[in-house]
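Going line by line, the protein sequences match chains X and H.
Our numbering puts the first residue of the first sequence at 1, with every later residue one more than the last.
Our numbering puts the first residue of the second sequence at 1001, with every later residue one more than the last.
Just so you know, the hints here were simulated from the structure itself, not pulled from any lab data.
Mixed in with the good hints, there may be bad ones.
Said to hold, decoys possible - Taking lysine to any residue pairs in the SDA-like style, the calculated list, with each CA pair at most 25 angstroms apart, reads:
1) X:Lys2 <-> H:Asp1055
2) X:Lys235 <-> H:Ala1254
3) X:Lys225 <-> X:Ile23
4) X:Lys234 <-> H:Lys1137
5) H:Lys1478 <-> H:Gln1490
6) X:Lys225 <-> H:Pro1083
7) X:Lys235 <-> H:Lys1137
8) X:Lys6 <-> H:Glu1084
9) X:Lys11 <-> H:Thr1126
10) X:Lys235 <-> H:Gln1490
11) X:Lys11 <-> H:Lys1089
12) X:Lys288 <-> X:Trp24
13) X:Lys27 <-> X:Phe115
14) X:Lys307 <-> H:Ile1182
15) X:Lys235 <-> H:Asn1127
16) X:Lys234 <-> H:Lys1089
All values derive from a computational prediction rather than experimental measurement.
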Amino acid sequence: MKELEKFAKEKKEYRKKVKKPRIWREKDLLDGKVVNAFVLILRTKGCYWAKKSGCLMCGYYKETYDAEYEDIKRQIDMAYKEYKNEEIVKIFTSGSFLDEQEIPKDLQLYLFKKFKAKKFIIESRPEFIDNLENFKDYRIEVAMGLESANDVVLEYCINKGFKFNDWKKGAEKVISFGKELKVYLLIKPPFLTEKQAIMDALYSVEKIKDLANTISFNPVSIHSKTVVEMMWRKKLYRPPWLWTVIDILKKTKEIYNGVIKCDVVAGGKERGSHNCGKCDKKVLNAIKEFSLTQDEKKLEKVDCECKEEWLDILEIERFLKG
Amino acid sequence: MKFEATKRDCNTRIGYIEIEGKEIRIPNILWYSSPRIPPPPFADLKLAEDIKAQDFFYKDYEEKENKYKQIIPASLIYPYFFPEEIHQKAFEMSKSNEIFSIIFPKFPVAKKSFIYVMANAQELFTNPREFVSAIVKIREKIGYKLLYAPGIANPVNLPILSYVGIDLFDSLDIVIKSRRGIYFTSTGEYNLEEIEEYPCSCSFCKKGIENFNDLLMHNYEIMKNELIRTIRAIENRELRELVESKSHFNPKYASIIRILDMEYYNYQEKRFPLTGNKKLIASPYSLYRVDIRRFRERVIERYEKPESTKILLLLPCSAKKPYSTSKSHKIFNSIIANSPNRYVIHEVIITSPIGIVPRELECIYPAAHYDISVTGYWDKEEIYMVNECLKRYLDKNKYDAIINHLPIPLDIDAIETCKEHPTSGDSLKNLAKALEISENYENVTHTKRRYENAKSMLLYQFGQIAKKFIEGCEVKGKFPDYKIYYEDKQLAMFSQKRGLFILTFAGGRKLGKNYWVEIDDFIPKGSVFAMGIKNADERIRIGDEVVIFHDEELRGVGTAKMNAEEMVEADAGEAIKVRHYK
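Isolated chain X (complex conformation) (with noise of 0.2 angstroms):
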């Protein structure tokens, strides 16, 4: 929609520059073991669609600056400085690892390179797939950003600018070009109530289950200066309830065959996925293992009386709203 569109371009308030990349490390699956992992986000440019117009949810367009050549070159030379040959080395940029406009090709070769990891998990935009027919010898990941299977959330709630078949194409190829796939999606997007985004994430676990070797949900959290924000401070939008996130995280094990993760950002905060208070912090440990684990046996464990009331928004949630 244009008009949303326009919106969500005006309400973006940029703000100083950060221009050193930041680093660090995390455990992992790979090939279903824990492994090490070395987390790089370069400063780049940025994702083209949110300088053009942008996600509602999401702020990382704050993170980015006009970097050129030589300030990215610099950037992945102070990064291999730290890198301890961890298998796993994920490389984030607050857009498309793969768009010439933020990494220019050989940068994007050179860091490859330059690393000697097992596996490398890149992030992409479904636009510029075509480019991963220069990296053939190595083993990458591409985790590309659905947030839902559905048209109508992704133009009227997420502004995602692309439509299911555009990013399934791009899906696709990734797949034909031998690399992995893990897909994203978010969990809640805005406008939705809790019980919509179940169903949200469950139709679009069915659409992309055959695609994806990795499903990763991402509850929305609220970042700043964003449009999901000004709803959040007006409370009329809250992230999802981890009871949300629990019930859709197992009924995916029941339907999904590969990998399942979440990663709750800002978890049992105001601005993250939250409860009542009193149990988020062992419901995230449920998560977390589960992601770890992939045992749904952990998430069957948890209880709260706190639950009544999640219970209560999923049926009457509909009717507040109009």
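Go by the hints and put chain H onto chain X.
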């Protein structure tokens, strides 16, 4: 399905709809109902999820047979603060059916429907000014159709929501709050754990509230009581008083009333009934209450003083109404009666919250009906209002002399006659002396003055056309029970009960096409229903005397039960109670 309004008060009404052969009273509550959340046993209307109903995003179930016939269409509703063009898109995507359609306050276009569901109600309700503005905007589009505002009603605010013009409420806020352990009374919400003694004797409170269900049922009882109280208040024409009292419990609700009063006079004036036979209890809030302000406005705009009067006598009000039946006014009256030329004297009563009441208008609503705590203390705002009224009044109505018999000084040049108290010996002596100046004027006869009094009263009721109406007429009877005759035929008589002149068929003929209603070709007997009305004079208010025409032919006279706008728009309900017909 049709809606028929039967009683009106303030900006709202009581009425009935028929659903599947069952008559349902409006205003009413949609009680949420599910196996987990039971509705109360007294629920007339239930709100339930139909698992087969379509979802806005997931339309798999579309076109399949629904369990329920009345379905609120699934819509995408953006926050109110989003730009209008986005709301327009949402509106274009929204579906409606013959029962329900969503009305978007930011893009209020009404699709044809029976009940309008207000989008963004919760968001708007957090801001009184935006809320009131949205309701008025919506009402301008949907007129007198039914309006449902989801998710905002509770026992404290229900009368206020009704007052602004919402017809249907729901129990959703109560469900959510009950789950959080909130205990409602009619004036507030409290943490159940902090209540040592229940201020309620419903069966659940008697037994002791032990679980969610008990608390929910108690809260439902309170909500139901509040609905009944609101309905009773509309029936008794005391909704405004109920609302004023409720507004003391939440400044946000007080703001809603205040903003409506100060910024939406025209919206309310059209809706407030013109007459009433019930006591109006005035408070400091009442200064700007619509029916009181309307009286003030009409005195300034329509009313003209009896022409022969030259001396203005300003008198204090009395607790007993009409004023002339009070002890103090009986005393004043005996002094006036003893003056050399009593009919050249024009008595005008100064009062709060109404302002100024010429003696001839003392039986008119709300002058004869208001009741206020009389302590002798005047607020600055009241004094300012009275002075403003007097100034505007004197710009239009000229006198040779003004006598002020009030214990408060006014911003005018007047002979002050009140010492200490208006009925003190000195005051009365001063008054009698001051009135001696009446002998300097040509004697005004009782007959002449009675004619002029009636004319002034008719001016208040009908505006300028009154002058033509009373031309050549004779006025008989003792004040206020005036009867007006023309060529020996009675045209009208003053009804104390209704506070206005009621017309005979001949009176209707003399009034001509004023306060007219144009009907289809039939003889109106008993009642004219809204269905039969083609058009109506936009001046008509609920309670007005109206003349009924078909083309250029007078068919009857009667009392308006709706305002002109509703007569034209509504397709059911009694619009006119016919008194005389052809």
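Consistency of the hints with the structure:
At roughly 24 angstroms between alpha-carbon atoms, Lys2 (chain X) and Asp1055 (chain H) fall within 25 angstroms of each other, so this suggested pair holds. Simply put, Lys235 (chain X) and Ala1254 (chain H) have alpha-carbon atoms about 23 angstroms apart, close enough for the 25 angstroms limit, and the pair holds. As the CA atoms of Lys225 (chain X) and Ile23 (chain X) are separated by approximately 24 angstroms, the hinted pair is consistent with the 25 angstroms bound. The straight-line distance between the Cα atoms of Lys234 (chain X) and Lys1137 (chain H) is roughly 22 angstroms, inside the 25 angstroms bound, and the hint therefore holds.
Pair hint Lys1478 (chain H) plus Gln1490 (chain H) holds up; C-alpha atoms about 15 angstroms apart against a cutoff of 25 angstroms. Simply put, Lys225 (chain X) and Pro1083 (chain H) have alpha-carbon atoms about 17 angstroms apart, close enough for the 25 angstroms limit, and the pair holds. Under the criterion of a C-alpha separation no larger than 25 angstroms, the hint pairing Lys235 (chain X) with Lys1137 (chain H) is consistent with the structure, at around 24 angstroms. Of the supplied pair hints, the one linking Lys6 (chain X) and Glu1084 (chain H) holds, its CA atoms being roughly 12 angstroms apart against a limit of 25 angstroms.
Only pairs whose Cα atoms come within 25 angstroms are accepted, and Lys11 (chain X) paired with Thr1126 (chain H) is accepted, the gap being roughly 23 angstroms. At most 25 angstroms may separate the alpha-carbon atoms for a hinted pair to count; Lys235 (chain X) and Gln1490 (chain H) exceed this at roughly 65 angstroms. Restraint check for Lys11 (chain X) and Lys1089 (chain H): satisfied, since their Cα atoms lie roughly 19 angstroms apart, inside the 25 angstroms limit. At most 25 angstroms may separate the alpha-carbon atoms for a hinted pair to count; Lys288 (chain X) and Trp24 (chain X) meet this at roughly 18 angstroms.
Pair hint Lys27 (chain X) plus Phe115 (chain X) holds up; C-alpha atoms about 18 angstroms apart against a cutoff of 25 angstroms. Distance hint between Lys307 (chain X) and Ile1182 (chain H) is fulfilled; the C-alpha atoms sit about 18 angstroms from each other, no more than 25 angstroms. Annotation: proposed proximity of Lys235 (chain X) to Asn1127 (chain H) holds, straight-line Cα distance about 13 angstroms (limit 25 angstroms). Taken as a hint, the Lys234 (chain X) and Lys1089 (chain H) pair is honoured in the structure, with Cα atoms around 22 angstroms apart against an allowance of 25 angstroms.
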